[in-house]
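Engineer: Starting from the known structure of chain L, fit chain E onto it as the hints suggest.
Number of protein chains: 2
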Amino acid sequence: MKNKVRLFGTELKSLKNETKKTVPRVPRVSRVSQSQKNAKKGNWKMKNIIDILIDKIKETNNPTVMGLDPRFEMLPKCVTDKYPKTLEGVADAIIEYNKALIDETFDIIPAVKPQIAFYEMFGLPGMKAFEETCKYAKEKGMLVIVDAKRGDIGSTAAGYSNAFLGKTKIGDVEESIFDVDFLTVNPYMGSDCVKPFIEDCKKYNKGLFILVKTSNPSSGELQDIKLENGDEVYTTVAKLVEKWGEDLRGEYGYSSIAAVVGATYPEQLQSIRKTAPHTYFLIPGYGAQGGKASDIALGFDGNGLGGIVNASRSLMCAYKSDLWKDKFAEVDYAKATRAEAIRMRDELNSAF
Amino acid sequence: MKNKVRLFGTELKSLKNETKKTVPRVPRVSRVSQSQKNAKKGNWKMKNIIDILIDKIKETNNPTVMGLDPRFEMLPKCVTDKYPKTLEGVADAIIEYNKALIDETFDIIPAVKPQIAFYEMFGLPGMKAFEETCKYAKEKGMLVIVDAKRGDIGSTAAGYSNAFLGKTKIGDVEESIFDVDFLTVNPYMGSDCVKPFIEDCKKYNKGLFILVKTSNPSSGELQDIKLENGDEVYTTVAKLVEKWGEDLRGEYGYSSIAAVVGATYPEQLQSIRKTAPHTYFLIPGYGAQGGKASDIALGFDGNGLGGIVNASRSLMCAYKSDLWKDKFAEVDYAKATRAEAIRMRDELNSAF
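Residue numbers (my numbering), protein chains in the order written: chain L, 1 to 352; chain E, 1 to 352.
Extracted from the complex, chain L is given alone in its bound form (with noise of 0.2 Å):
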């Protein structure tokens, strides 16, 4: 990564050393970020949400998103514990604990990815967590990436774009409603379906990342498929995703509209990148679907720039994995998550 500031250097080593359930000391930058401050002064507006994102990633020397993706099982019991079983219930333990990740991280990731059927899941109360968790995410100044996987038609496309990117029209009123800074995007159904949530990237300054190349086992099904032309679909969908976003290319040379594209497929990811040049990449499926560091660097570029890389299990529960739970009591769930995020964040960068 350019300008590298290994403020973190040493601090893995030193946290391998505590002994079991002492707390490590974990060595903090100043809360207030650069992007914060710009924001402070008004000059967030002024640029491209991209490269607010890529920012964020340089201040923090971290290309990391952490999911936010909150089952039940995954919680803390001295979370769930203080909450009755029920989905208001469930609803409250996950704001509690997302703030508690957040405020443990916000200095040293740049943002977010609440996956919003982990809140659908518990109806309107989940939903109203989902709320409350890009809200405060933003307050502390991370970015948020909503991962919805939205796509319809164009006019109901513009309903879900209302909802996350622009704002809802009541008469002569206008109401922002989730408000986040992007969202994820299904093109199964072409480029009449993304105008709408593109319009608004325009109008409001956010951004959306695509689905190209997905991590899951079964994507190569559609996503593979040789076409007549000799291009796969991926191939196929990746250059739609450049050329719907040449019009909104910031600084850095990246476009907010962006892709996903997995790390649990080098090979597409190297691929994709030399198709798409300005476009950036949200990479799901580092650790636990199997994306190594080293595969992932495919899909950046020689500044070291190129793609956020998603860990959702990995952070939220870190408490629990081998690394880090004779590190850290349960009670301090969210110091083991910024001890993985700094394990995490030297990885990838020692990768690149």
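Hints in this document: simulated from the structure, not taken from any laboratory. Note that the coordinates shown come from a computational prediction; the quantities given were computed from them, not determined experimentally. Take these hints with a grain of salt, some might be off.
It does not matter which identical chain is used: a pair holds within one copy or between any two.
To be verified - SDA-like, lysine to any residue: derived pairs with alpha carbons at most 25 Å apart:
hint : residue 1 : residue 2
1    : 167       : 290
2    : 135       : 125
3    : 140       : 79
4    : 167       : 124
5    : 195       : 288
6    : 85        : 175
Structural biologist: Just chain E now, with coordinates in the frame of chain L:
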């Protein structure tokens, strides 16, 4: 349609002869349908959900699903004027409007299809209106197809499936969330993203409509691309859907794993009917989008079965349409919807 019962054969003519602004008397069948009688006898659970849908289509002699996509501009002023211009106010207006439409049509239309985007765009109050709409339609004996076009990697798909079709586990407790009959699903990520939904379809007797060929102008960009083997992408997906549904075929020979195929591409509709003979179709694109009854007939089999045709705007906003605006006062908007539902039903039946 097999066993045609032209209960309403003469209604349309009589409606057209009514004078301006008087409310036509529209005859009604018994509000308790055969399906509801079966449900009371506890027979529902024994029938495949696709058979329940087909039975209702046959009983009402109407292969129509009413799309419930409540944009603010569509709501009658006599409804919106009662509520404040806030998210909560609009949500209350939507609930009143949807309930009125359901009250006027549940004996003549077998199912409703709320498009979740048009609820999500009103935030949490909108999602409450969505939940209440689904619940009310079910209470009235209508089947509920939620149009959400969900699709994600396995564990996330399971989250969505919990929300709409299955149940959410909270420790030892299991909670039903939206608990609807059918969900639309996007296949771009392949079979392991569809499987969690199919498992819940088996376990809870639910169904899917998987996007095969959508009705929008740019659907061909990806879906029509020719593959090396000579198939189009949509043909590949149609074959996958037919295969995924093999274990879930009901007594009419159709599977509860069904497909979305647009009315706006009659050639493809006909071709997919041949490719996927056991796959029921949800057919959007009738009316406003340009699909004609004669086009739609190509998706049906020799017995008049094979599809359910969506109409959203033409039914919901019948009170504003050229055909009905002079016959119904705004306050009778739901009666205009009933009249249009009857007109549409007769038009569809005359084409088969």
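Engineer: Does each hint hold? Answer for all of them.
Structural biologist: Cross-check of the supplied hints:
Taking CA atoms no more than 25 Å apart as the test, residue 167 paired with residue 290 passes in neither setting, with 38 Å inside one copy and 29 Å between copies. In this assembly of identical chains, the alpha carbons of residue 135 and residue 125 lie at most 25 Å apart whether taken from the same copy (15 Å) or from different copies (17 Å). Taking the shortest Cα distances, residue 140 and residue 79 sit within 25 Å of each other inside one copy (22 Å), while across copies they are farther apart (41 Å). Proximity of residue 167 and residue 124 under a CA criterion of 25 Å is satisfied in both settings, with 21 Å inside one chain copy and 14 Å between copies.
In the homo-oligomer, the alpha carbons of residue 195 and residue 288 lie at most 25 Å apart only across protomers (20 Å), although the nearest pairing inside one protomer, at 34 Å, exceeds that limit. For the homomeric pair residue 85 and residue 175, the shortest alpha-carbon distance between copies (10 Å) is at most 25 Å, but the shortest distance inside one copy (33 Å) is not.
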